[in-house]
Amino acid sequence: MNTGTQTGKLPVERRGGFSRKFSGIIEPYLYVSPALVLIIAVMLMPLILGLSYAFRDIRILNPFSGGFVGTAHFEALISDQAFLDALANTAWWTFGSLLFQFGLGLVLALLLNRQFLGRRLVQALVFLPWAVPTFLSGLNWAWMFNPVVGPLPHWMTSLGLMAEPFNILSDPDLAMWGPIIANIWFGIPFFAITLLAALQSIPKELYEAASIDGATTRQQFISITLPFLAPTIAITLMLRTIWIANFADLIVVMTNGGPADSTQIVASYIFTQAFRRLDFGYASAIAAVLLVLLLAYALSVIALRRAMTHTDS
Amino acid sequence: MASIQIENARKSYGAVDVLHGIDLNISDGEFIVLVGPSGCGKSTLLRMIAGLEDITSGAISIAGTVVNELQPKDRDIAMVFQSYALYPHMSVAENMSYALALRKTAKEKISDAISGVAEILGLTALLDRRPKALSGGQRQRVAMGRAIVRKPQAFLFDEPLSNLDARLREQMRTEIRKLHRRLGATSVYVTHDQIEAMTMADRIVAMHDGIIQQVGSPVEIYDRPANIFVASFIGSPAMNFLEGSYEIADATTAGIRLSDGALISVLPVADAKPGQAITLGARPEHISIVADAQSGGLPAKVELIEPMGLSTLVHVTLAGKPIKIFTMDRPDYPVDSFIHIAFDMAKIHVFDTASEKRLPPANAAGILT
Ligand SMILES: Nc1ncnc2c1ncn2[C@@H]1O[C@H](COP(=O)(O)OP(=O)(O)OP(=O)(O)O)[C@@H](O)[C@H]1O
Ligand SMILES: [Mg+2]
Chain A
513 MNTGTQTGKL PVERRGGFSR KFSGIIEPYL YVSPALVLII AVMLMPLILG
563 LSYAFRDIRI LNPFSGGFVG TAHFEALISD QAFLDALANT AWWTFGSLLF
613 QFGLGLVLAL LLNRQFLGRR LVQALVFLPW AVPTFLSGLN WAWMFNPVVG
663 PLPHWMTSLG LMAEPFNILS DPDLAMWGPI IANIWFGIPF FAITLLAALQ
713 SIPKELYEAA SIDGATTRQQ FISITLPFLA PTIAITLMLR TIWIANFADL
763 IVVMTNGGPA DSTQIVASYI FTQAFRRLDF GYASAIAAVL LVLLLAYALS
813 VIALRRAMTH TDS
Chain B
12 MASIQIENAR KSYGAVDVLH GIDLNISDGE FIVLVGPSGC GKSTLLRMIA
62 GLEDITSGAI SIAGTVVNEL QPKDRDIAMV FQSYALYPHM SVAENMSYAL
112 ALRKTAKEKI SDAISGVAEI LGLTALLDRR PKALSGGQRQ RVAMGRAIVR
162 KPQAFLFDEP LSNLDARLRE QMRTEIRKLH RRLGATSVYV THDQIEAMTM
212 ADRIVAMHDG IIQQVGSPVE IYDRPANIFV ASFIGSPAMN FLEGSYEIAD
262 ATTAGIRLSD GALISVLPVA DAKPGQAITL GARPEHISIV ADAQSGGLPA
312 KVELIEPMGL STLVHVTLAG KPIKIFTMDR PDYPVDSFIH IAFDMAKIHV
362 FDTASEKRLP PANAAGILT
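Chains as they are written, first to last, in the working numbering: chain A, 513 to 825; chain B, 12 to 380.
Incorrect hints may appear among the rest.
[As the list claims (entries may be wrong)] Subject to a maximum C-alpha distance of 35 Å in a straight line, what follows is the list of computed DSBU-like cross-link-like pairs (lysine-lysine):
| hint | chain 1 | residue 1 | chain 2 | residue 2 |
| --- | --- | --- | --- | --- |
| 1 | B | Lys335 | A | Lys716 |
| 2 | B | Lys368 | A | Lys716 |
| 3 | A | Lys716 | B | Lys162 |
| 4 | B | Lys115 | A | Lys716 |
Derived by calculation from the structure, the hints in this document are not laboratory data.
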């Protein structure tokens, strides 16, 4: 009797179970679909659209443009000397800025980690460069380098670094240093604040134990501070590299890529192509190349980090 | 190994005085336990010996040399921290060898020292692990090992067992004592746990509010506490206190009159006048439960019976004050019933209520002096 009802019920249950199982699989996706649709619409669509421009002839002033041109833009890029120069400039701009931002940021973080009078005030002041809109700081620095209105050339002359006051922004050999210096000033707070946060998470007893063990301040820095900071250093350096490589605002405001393209980086070159020459197709192609380069960089850094932490443990 | 002298050492943080003139002589090879309630300045004193805190005034010498101005690394001491402070990115072996490596000790010597100490502490199988892959007890051992490897003049411990569970703490207590016997190194051990103090110390230093209250062997401190603070802090369950006034009966007997008129007999003390306000102190094991008033018992109301396995603790009220009685019997008095309790006259402590100091019996024949 008992078994009879069970076998009798079984097929019905299985059918019901199947449709229930199916709706069980589909249900969670239905719940997240609004978010998914939003993310795809907001994040993926522009990316795909932008990438598709790279394969089309889109010039705003040419009403006949808009056709598909295949890889023509990329072929043109390979022999575009201005682009290759911009690539080299990007490396200079990125690592020149990054090195000093990081070095000075670390020094500032170490100083701020000490106890001194007015420390809170100084900590607040360190944030200041961030409170200034980028284009304003660009203008400000451009003026400071200008011998007519700014003090910097005169100071450098007094220090004997210059024979006579002149604007380094108009010297093709030196012009890149202008935006780099502005960028260093702008980027130090980021490193100072993140490294300071990491420094403050190091237990004080470790330094005490090390000082009893006989470590000098320098040895303590090497065997305690650096290992503790390493993860923060790795991640911030990677993020900032990508960010700086894409960061053309200061250059556009201060030199507009000049003189004679000597401060043109890839990002500002994209800006020039898109908004001055109004060639959106070509600009998109450059942007696609930059995207691929930065992705490759990020992946290699992540792989390196993973390899290092694996040999570590 | 070395002796440590502390002379009139003071410590202030700005206007806050934390230590008010500490004098202490620690002899070579002695195991000293600094004990006291939280915030009394034990850690501060220990850290001053280590060189981690400046000495506001006074002098600390190790092996006869004043070390006030010496860096921690030049004092040749080792410290075990409550948090262990192991270097998280170094293996157990690296943690233990760090100090030796900094001293440019030869590689073979280091590995000999490490394997020797690892053997003693049972860490041999863990030498390649990182601290985060160790249990609390194992970390504690590594912290001990890191201190021992260096063969310092003195060991300083700041509540090294307080992060362990009760059973492990008991085990480490005996292990540290055994280690001390084996190494014979001068040790200063800070704890707020009076059981650790009683079981481990050669001499206990009881501190309160930045002042040393008493220095003595565990038995001395337990049997002859210098004042009410030491009497109440040392011993678990804690000593019972009753307030009353002093009365003299005859040459061999005095009494304390309680607020409800009851009289408790005590040995006469030299420095008390009749009528003087007295605090009477009796440890739970020095109060007994007697049959009736005829046997000299005072009536007390039962509040709670607390079985503790080996013994039983009977909570009663006498003259409105809570009293704990320790008994090896298994009493089953109903709550709120009345029993009679008697005080062991020879073992009762008499404290001057005003100064809180203990007044020793005048009679030299007294068991306690
Ligand atoms: N930097 C400081 N500034 C002001 N007061 C301090 C400072 N450090 C410690 N103190 C005070 O000194 C007193 C003693 O502190 P200490 O750490 O020596 O206590 P402790 O006896 O070790 O207590 P615990 O058992 O809780 O560890 C405390 O009252 C504390 O508030
Ligand atoms: Mg402490």
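Verification of the hints:
{"no.": "1", "hint": "B/Lys335 <-> A/Lys716", "verdict": "violated, 44 Å"}
{"no.": "2", "hint": "B/Lys368 <-> A/Lys716", "verdict": "violated, 40 Å"}
{"no.": "3", "hint": "A/Lys716 <-> B/Lys162", "verdict": "holds, 24 Å"}
{"no.": "4", "hint": "B/Lys115 <-> A/Lys716", "verdict": "holds, 25 Å"}
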